[in-house]
Amino acid sequence: MSNSSNIKQVAPPAGYAGEGFFATKLSEVVGLARANSMWPLPFATSCCGIEYMATMAATYDIGRFGSERMSFSPRQADMLLVMGTIAKKMAPILRQVYEQMAEPRWVIAVGACASTGGIFDTYSVLQGIDKVIPVDVYVPGCPPRPEQILDGILELQNIVKNESVRRRSSDEYKDLLNSYNIK
Amino acid sequence: MSLTNELITQVLSKYHTPNVENFHVEHDMLAFEVKKDASFEVIKFLKEDAEMDFNFLTDVCGVHYPDYDKDRQFCVVYHLHNWLENVRIRIKVFLPADKPEIESVVSLYAGANWQERETYDFYGIVFKNHPQLKRILNMDEMESFPLRKEFPLEDQGRTDKDDRFFGRTGPNC
Amino acid sequence: MSDLLLVPEKRFEKQIEETRKKDGVELSILNLGPTHPATHGIFQNILLMDGEKIIDGEGTVGYIHRAFEKIAENRPFYQVNVLTDRLNYCSSPINNTGWWMTVEKALGIEIPKRVQYMRVIIMELARIADHIICSSVMGVDTGALTGFLYVMQYREKIYEIYEEICGARLTTNMGRIGGFERDWNETVWRKIDEFLEEFPAVWTEFENMLARNRIFMDRTIGAGAIDAKKAMSYGFTGPNLRAAGVDYDIRVATPYCSYEDFEFDIPVGQNGDCYDRFCVRNAEVWESLKIIRQALDKMPEEGGFHADVPDYYLPPKEDVYNNMEALIYHFKIVMGEIPVPSTEVYHAVEGGNGELGFYLITNGSRVPYRLHFRRPCFIYYQAFNEIVKGRSLSDAIITLSSMNVIAGELDA
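Quick mapping for you: the protein sequence lines, in order, are chains A, B and C.
Heads up, the numbering used here is the position in the first sequence plus 400, with the first residue counted as 1.
Heads up, the numbering used here is the position in the second sequence plus 1277, with the first residue counted as 1.
Heads up, the numbering used here is the position in the third sequence plus 5, with the first residue counted as 1.
Since the hints were made in silico from the structure, they are not lab data.
Any given hint might turn out to be false.
[To be verified] In the DSS-like style, the derived pairs of lysine-lysine whose C-alpha atoms are separated by at most 27 Å in a straight line are:
1) K1405/B x K1426/B
2) K394/C x K1411/B
3) K488/A x K1324/B
4) K118/C x K15/C
5) K234/C x K1321/B
6) K1321/B x K1291/B
7) K1438/B x K1411/B
8) K583/A x K531/A
9) K58/C x K15/C
10) K1426/B x K1312/B
11) K235/C x K1324/B
12) K1324/B x K162/C
13) K1426/B x K110/C
14) K110/C x K1369/B
15) K561/A x K488/A
16) K1321/B x K1405/B
17) K1324/B x K1369/B
18) K196/C x K303/C
19) K488/A x K15/C
20) K488/A x K1426/B
21) K561/A x K574/A
22) K19/C x K1411/B
23) K1376/B x K1411/B
24) K1321/B x K1426/B
25) K1347/B x K488/A
26) K162/C x K196/C
27) K1321/B x K235/C
28) K1405/B x K235/C
29) K1405/B x K1347/B
30) K110/C x K303/C
31) K1405/B x K337/C
32) K1411/B x K303/C
33) K19/C x K1405/B
34) K110/C x K337/C
35) K1405/B x K322/C
36) K1438/B x K531/A
37) K1411/B x K235/C
38) K27/C x K235/C
Nothing here was measured: the structure is a model prediction, and the numbers come from that model.
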């Protein structure tokens, strides 16, 4: 069996503990729960998708960060990982998939092509997915190493952990969605 | 008798002049031009003749030569391959700029279907009697033909890239 | 206007109306949309279904059209190499080497034997990497996830070898005109030796898990079968054609890069169905391991790592700073004043999916005048809708993954 004495445990959020109860802020508990169980929707279009397959496989295991279950249905996913070039023909479909996701939802743009169009500065390629959907984390690279993709996911986990529970109903967020014409 | 470039040249010249011309060998591959109205006939001959037997269509593509004469602006290039004798040839068919039309070879080689659609998508060359000639790689609503030399590479409406920083201030390659 | 020019949904709606009136049978349209876990890559298939059976279908591609051929008309030869990486990105070194061989053919450059053997090793490693993905993903599509996780670890070993050679894992941008950009150090040779020692046991275990597995065989035998004549007419090449029974392999038919010095067999199937494609790819991995072993044993000591072509190959930096000639060559290569003849050349290599051809027209400038990629995926994917007609939906899914359609090569 494994040596279970040196397992690193996640530190509990700041709060007041007593006999049989633990009092802390709601946003911290919600953030902790959300951050450590992000279910990804791998929207893999090209080469970055193969690096994601390597991230998903045993050597760089993304499951240990809570993303054990890949969801291909937008309704059941938390984070949309857009990996690869998005052509203009594909943009409406990306938009549809994003709109089908339920709140709270986050987007990571993996790779140079998803961030800004990458090396494909052409008439048929969308120069960055932030032209059609709001993006939370950009992971540059062509393709980014699996460690970089994991770094991006950990960065997102940090954002998720510290997000206010009121964010999705705030005016700022509504303005952001309106600027993309997303209802 | 093995199939050499000289034999192909001889046989084609015998049966198909004046439609075939300009035979030359480039990097061991025989290349020649065929007049556009005879392209289907010549390719059918090359496929079905027992001696020629070019059973495999490797590739169909288009080229745009804006600097050539008005009736030689577009070119459809066929690469055929005879597997038994292991001989490849290249057939070039020049088309005029105002009406680039050519007979489709889908009835001879089923693999030409999407390749001709791609050539139509990129250059606007119309393949007559093609079962489904519509755009394949670009968006269906696109009106222009992007691989023509006058069409620019970059999306002219993009706002986030400043051409000066990429050195794109005119022809600089 | 012919019906076939309509969007497939409209065309199928007409057919649904007709069948409803004639037979009372209600057909349905299924959108195997661009984003789907089964389509490894983005391409769409609209299927007309009678329950589970597929009556008709039409594929739409172009969802990742990045206009490689247009970009290539504006980039010098060494920058086009970056585009070739992203064609069949599971086996980038084959695309890179194919491109360099095309350019060297156009420029008339001879490559030393040692460099050719090094290129053969790297191409065969890439072929193994490509077939690992295709076979293990076929397992995933039938529900066997373990095989995928197990062999992907060895794919990481291949990536480590690429990293030592060129610095990148996936999109390698490997090689230059005339050879490689740096010599291979001892780590590379050691890692290749280790790979050749450890991988056969792993691959045997993977094959044993699936190849005689009753469930896998029932799923794949008979699905997506194509006969040899139809396959040739559709322009099939590579493992898909060899599974149909035709033993055409460019490495043997028109040997390039010293392949004639190596002894290997061409595995051939019988029915052209998914099971045959799976078995052919597995057998090809064994042949590739054989070729790499022979290349390592016969590797010449002399020859360096690049051809002696100062006109095209950048001189080492110490020479550029100390030697006038090297400085001038460096300047000319970077500014693009290299001697390029006006010529047309077509060169084909045996890629992971078949005959990957490069048709290059040069006109004296340092950018190609026209570059066309003969992409095997694009050409054989046309046949997909015909070979799944009359089969069930699950057969269509396994056929799609067995044909190894890589979206980057499909759309370019």
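Okay, the hints, checked on the actual structure:
no.	hint	verdict
1	K1405/B x K1426/B	holds (24 Å)
2	K394/C x K1411/B	holds (22 Å)
3	K488/A x K1324/B	violated (40 Å)
4	K118/C x K15/C	violated (58 Å)
5	K234/C x K1321/B	holds (17 Å)
6	K1321/B x K1291/B	holds (16 Å)
7	K1438/B x K1411/B	violated (32 Å)
8	K583/A x K531/A	holds (16 Å)
9	K58/C x K15/C	holds (20 Å)
10	K1426/B x K1312/B	holds (23 Å)
11	K235/C x K1324/B	holds (15 Å)
12	K1324/B x K162/C	violated (46 Å)
13	K1426/B x K110/C	holds (26 Å)
14	K110/C x K1369/B	holds (20 Å)
15	K561/A x K488/A	violated (34 Å)
16	K1321/B x K1405/B	holds (16 Å)
17	K1324/B x K1369/B	holds (16 Å)
18	K196/C x K303/C	holds (18 Å)
19	K488/A x K15/C	holds (23 Å)
20	K488/A x K1426/B	holds (21 Å)
21	K561/A x K574/A	holds (21 Å)
22	K19/C x K1411/B	holds (19 Å)
23	K1376/B x K1411/B	holds (17 Å)
24	K1321/B x K1426/B	violated (31 Å)
25	K1347/B x K488/A	violated (34 Å)
26	K162/C x K196/C	holds (8 Å)
27	K1321/B x K235/C	holds (18 Å)
28	K1405/B x K235/C	holds (23 Å)
29	K1405/B x K1347/B	holds (21 Å)
30	K110/C x K303/C	holds (25 Å)
31	K1405/B x K337/C	violated (47 Å)
32	K1411/B x K303/C	violated (52 Å)
33	K19/C x K1405/B	holds (25 Å)
34	K110/C x K337/C	holds (21 Å)
35	K1405/B x K322/C	violated (56 Å)
36	K1438/B x K531/A	holds (13 Å)
37	K1411/B x K235/C	holds (24 Å)
38	K27/C x K235/C	violated (32 Å)
Consistency note: the structure conflicts with the earlier hints numbered 3, 4, 7, 12, 15, 24, 25, 31, 32, 35 and 38.
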